[in-house]
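Protein chains in written order, with the working numbering: chain A, 250 to 565; chain B, 250 to 565; chain C, 250 to 565; chain D, 250 to 565.
Worth double-checking, as some hints may not be accurate.
Since the list can't tell identical chains apart, any single copy or any two copies may satisfy a pair.
Straight-line alpha carbon distances no greater than 27 Å define the calculated DSS-like cross-link-like pairs of lysine-lysine that follow [unchecked claim]:
{"no.": "1", "residue 1": "Lys510", "residue 2": "Lys262"}
{"no.": "2", "residue 1": "Lys510", "residue 2": "Lys325"}
{"no.": "3", "residue 1": "Lys325", "residue 2": "Lys480"}
Keep in mind the hints are simulated off the structure, nothing from the lab. Please read these numbers as outputs of a predicted model, since none were measured by experiment.
Protein chains: 4
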Amino acid sequence: MDLQPILDGIADKIGPHLSEGRVADYIPALARVEREQFGMAVITCKGETAQTGAADTVFSIQSISKVFTLTMALGKIGNDLWERVGREPSGSAFNSIIQLEREHGIPRNPLINAGAIVVTDVILSNRADPGGRGSGEAGIDAIREILDFMRSTAHDETIAIDREVAESEAAHGFRNASLANFMKSFGNMENSVERALRVYFHQCAIAMSCKQLARAGLFLAADGRDPISGKRIVTPSRARRINAIMLTCGHYDASGDFAFKVGLPGKSGVGGGILCIVPDIAALAVWSPGLNKNGNSHAGTLALEMLARETGWSIF
Amino acid sequence: MDLQPILDGIADKIGPHLSEGRVADYIPALARVEREQFGMAVITCKGETAQTGAADTVFSIQSISKVFTLTMALGKIGNDLWERVGREPSGSAFNSIIQLEREHGIPRNPLINAGAIVVTDVILSNRADPGGRGSGEAGIDAIREILDFMRSTAHDETIAIDREVAESEAAHGFRNASLANFMKSFGNMENSVERALRVYFHQCAIAMSCKQLARAGLFLAADGRDPISGKRIVTPSRARRINAIMLTCGHYDASGDFAFKVGLPGKSGVGGGILCIVPDIAALAVWSPGLNKNGNSHAGTLALEMLARETGWSIF
Amino acid sequence: MDLQPILDGIADKIGPHLSEGRVADYIPALARVEREQFGMAVITCKGETAQTGAADTVFSIQSISKVFTLTMALGKIGNDLWERVGREPSGSAFNSIIQLEREHGIPRNPLINAGAIVVTDVILSNRADPGGRGSGEAGIDAIREILDFMRSTAHDETIAIDREVAESEAAHGFRNASLANFMKSFGNMENSVERALRVYFHQCAIAMSCKQLARAGLFLAADGRDPISGKRIVTPSRARRINAIMLTCGHYDASGDFAFKVGLPGKSGVGGGILCIVPDIAALAVWSPGLNKNGNSHAGTLALEMLARETGWSIF
Amino acid sequence: MDLQPILDGIADKIGPHLSEGRVADYIPALARVEREQFGMAVITCKGETAQTGAADTVFSIQSISKVFTLTMALGKIGNDLWERVGREPSGSAFNSIIQLEREHGIPRNPLINAGAIVVTDVILSNRADPGGRGSGEAGIDAIREILDFMRSTAHDETIAIDREVAESEAAHGFRNASLANFMKSFGNMENSVERALRVYFHQCAIAMSCKQLARAGLFLAADGRDPISGKRIVTPSRARRINAIMLTCGHYDASGDFAFKVGLPGKSGVGGGILCIVPDIAALAVWSPGLNKNGNSHAGTLALEMLARETGWSIF
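In isolation and in its complexed conformation, chain A is listed as follows (with noise of 0.2 Å):
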């Protein structure tokens, strides 16, 4: 399949929908972000690309992240994880904090915020030995681990975090502080609020563009390998599980309605950004800052409706 002249034709038929969504507005480094911006980038587990509009272009990745941290919090204490967090959708924003309540401070799954920072907490927990780069500062070293381990997935050092955006979050993160809080008061969090908090907040402000996230999320779609260097970085059965929980997880409450219309694991940011991975044939990232009412970049799911429709890629 030629994926070039479809990805094309997605960029054409999306420009007059750049302007329907609503670009992030609760810290000023998200709200000041250009919304008629379009970019997209595929790449297959053969290693062909193609790629249109802004795909070079760098956004803060927000919590596609998650997927990433995810992957290593499994690697460093794998299924004892879920002992602390669930592997069920959640419903609305309103329905995981009643969730959190009925269940003991156990969220209900990681890609939702609490889930993610209990993600962050293990993490800090089990920073790797630091060996000659340790800061011995816990919070350092572990946002140095993930910054790393997504340049290592993304095979390209350049990545960064932009420190505005991390900042930014931390003096607006109310809402998360009251979630590890709440944790904390079940014992759900091993670290101390604010330092699993700074973690958060900077691995959310990770810098990416399309290109590099579709070269990051790679070796989900082909069995938990990196297909182009062959490095293994999580087992086949692994990879097809964190799938799962895109799929059923990974777009807040619309999760249902991105596999029903698109049919495919992803994770979107609240920078616009969509992280989709298509079993055994690509890894695809789109971005687009102007959200739909679910907090989902609104042109970026339409572009993916397209693409699923034209290349047939519904996993279902």
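Assemble the complex: chain A is given as a structure, and chains B, C and D must be docked to it using the hints.
Quick look at chains B, C and D alone, frame taken from chain A:
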């Protein structure tokens, strides 16, 4: 792939687990079913079949019927259905009530009870022209139309409703009556609660074997067309979307877990049956009456995990 | 204290507010009541009376009936009632559903709909020996017994049920049917939902004037004994406890606000009436059909605030 | 009425119940309090006093402090307070979180934790001119102002804060930190969460005896003016309204039950104390560290029931 030895191997390994679950006991007709039974049947898109254990024993399909009534309702009113029922996972039964209130009587998805009752209401309001067969009574006509659809997709005219189960459901159906009245108070029921529930309890009381059920679901594995008779039942896009809903919503509050462990679209029933779709490959059904704490067949779920592992049939 | 000028003064001041509320419109029989009406009646424990405006006009007492059925049910089964209904405020209607689920079908208090339906169920199961008057049909006998109790406490045999309202309630009573079925699913309804609701809708449709209502409630101001006839209706302790429940639970999700502003035990109905008890001093009733956003009489609540301020009758 | 023999009689009868409750154990400083202690003190508006048991032993007043900070905040910003906190009972702790979300960060009432933290935030933002006493640090000044208010109403300069309890509260205050951050995310906290909680934990750690507490609350029984010194603390209307809030909201999810059984405005604390107001007659305090399942003093509640029965002091 030779399926028969795989199924036989599973039947051997599943034995010790048959006594672990708990038979549904909310109505006498289900409570007296012998727990230690197990059957499994597969039919591929090429028409190959394999079965093991009590694959010809009929059981109460219960909620599995929801997949078929959803198919029927989409055939009748198409995407208008989504004005009256959502497509998002619902979390626990507790949450589904909260959400029903918050979302003004629109159930989260067509595979939870509230959603399935709306689907039944749609079928009642849009009954096929009964021709010479109509009884003239709406409820009876709707029940017959559903039963006819099951017989037609299963290619088996002997399929019948267990009237004792249907009556028993009706006599204990206060929770469903509560949901239906609640939706009616929001204007999301067109027919009387009594009539809609009567049809609903009868559809749940359809008795089928694993073999019949797998055959009935085969069109969902084959882009909406029965691959053996060649008869189109739904469009390819709609078949894939029904599968997507099964994956995200098919197992109550264990849907995420089922996706994680089995990785296939499926729908369970409290009678102990599970219908599973392997897109482009096969349909299969498993049955064992002992349920796990989430109300899904304990041994049936284990058997599907084994099957997915041994065949590599995960969609992820 | 000369009450007549106080009441007349209130009637003067209340005029401009009569057009501010909104008449209940969920059933036609209530919707067509003229909004700009106002009446108020007081009767003291010494038998002094005062009234102003439309104090002799009958209106649908609706939820005010719950105070009297609670009194009857306590007379029949005493404190056993508290096994089936709580005594805590319920917050919003939304919360009362959540709590009904969390608390296994035990409603929070006898003055919300769910609780009042349980109280009606108790009356049905414990009907007085009908003697020569019983119809032999449980529902009719219970309705008659409730009506007889109202007539007896009000010392007025002309009090009647507005059958059009009762039928209209039944035709629109899906929310109550939902609650009753929900409680039945938890085993907290002894009679059939249909029968209990029939009685419930009839008790709500009792039509009384402010004058009749104040007279009927007078025993609650006088330690449970009608201070005029000397007839004991409940024990002193029970009368005080019924008043306590009215204070904490009598005005739906505005009970705290009513206690804050008026400072007296009271019970409102969606027909625009409010019964108020001044312990050891008087009973009074006010009526004006326009409701505020919490479903309590707008002008009625204002009038009671004025009265409490001018008489110093707060219990606090 | 001669109160002393009544109190002595209650002390006799309460003995067997002192071992029935359970001492609060969420912080070590409270957990090691000897359970089998009991004290009670009454002071009438005429200045008569009676006391029994350990009425001079100081204990941690905990949530009883909320009545006094509410009084202070109303003195500072008047009814503007009601823009930031409601006046309705909250039901269970579970419900109070749900309601906080539904009501956009506005807590239900000033006597639950969330509401009391907002009240503390108001005091912080509106500190009295410190004159020569201010430390220059907002938190310390606010703590001192609250302590001064307690000393002033109790007419006892020896009242102090138990710093060990305050520090212990802070070290275990994750649930309160969660609530405060949640409200901050809705813009309903003016000061930093850390500062507001610091003050809040100190006010809860004030140590007082029953005798001191009854004296401090006496103005609420006397229309807002201390009946002994003649000093006005709040207006009559405000005093009555504070009493109304105590009655409907003073005992967590047992407020209705307390109104039902005792019939007096009161506020309990997890240290085992209860302050009770008998409007126009007296203020009283009881203390016994063993708590019932609702977190209120078990023996203290029983003692108040006895007292209400023997004195006839119910407001109903």
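*Hint by hint, work out which the structure violates, then give me just those numbers in ascending order.*
none
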